[in-house]
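Turn these sequences into a full structure, and let the hints guide you.
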Amino acid sequence: MARISPWYPGVRSWAPWKPGGRGVDADWDQELPVNIYDTAETWVVTAPVPGMEQGDVQLTCEGNAIEISAEPKGFPQLPKDYLLHEWAAGPYHRRIELPAEVEATHCDASVAAGMLVVRIRKPEWERTVHIPVQAVSAKK
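Residues in the sequence shown are numbered from 0 upward in steps of one, following numbering that gives the first Met the number 0.
Treat the hints as calculated values from the structure; they're not laboratory data.
Everything hinted at is true.
Here are the computed lysine to any residue pairs in the SDA-like style, where the Cα-Cα straight-line distance is at most 20 Å:
hint, residue 1, residue 2
1, 72, 93
2, 121, 64
3, 121, 62
4, 121, 43
5, 121, 105
6, 121, 37
7, 72, 28
8, 121, 34
Bear in mind the structure is a predicted one, so any value in this text is a computation, not a measurement.
See below:
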């Protein structure tokens, strides 16, 4: 039985899979991996954005979703003839649906050390509110 090597350049151009079942297609936006933390007052979204700076990341809010897009500007062009290509320096994209509507005025985002942190203030009805319990003296 004849067998085509997955490393043969022709296979890489038409195969719907990556050699070894892993890899990235540089022509597609990668889905950005995220962690979402729930606190009493906010939702916090964190995502790795290696090599990105403030101007490389765009964040939009619509309804109960936020969209993150990132593409580095000025990142050096690297050769395209990879033996193994498991990550790329963008572009990245991710749409995240949250449990409630998001107002852009209640969001802030920062990029530092290759990490994007987005803080989204929850709507009033979604926040955890602690209600103090008062003692009432019983009168006879």
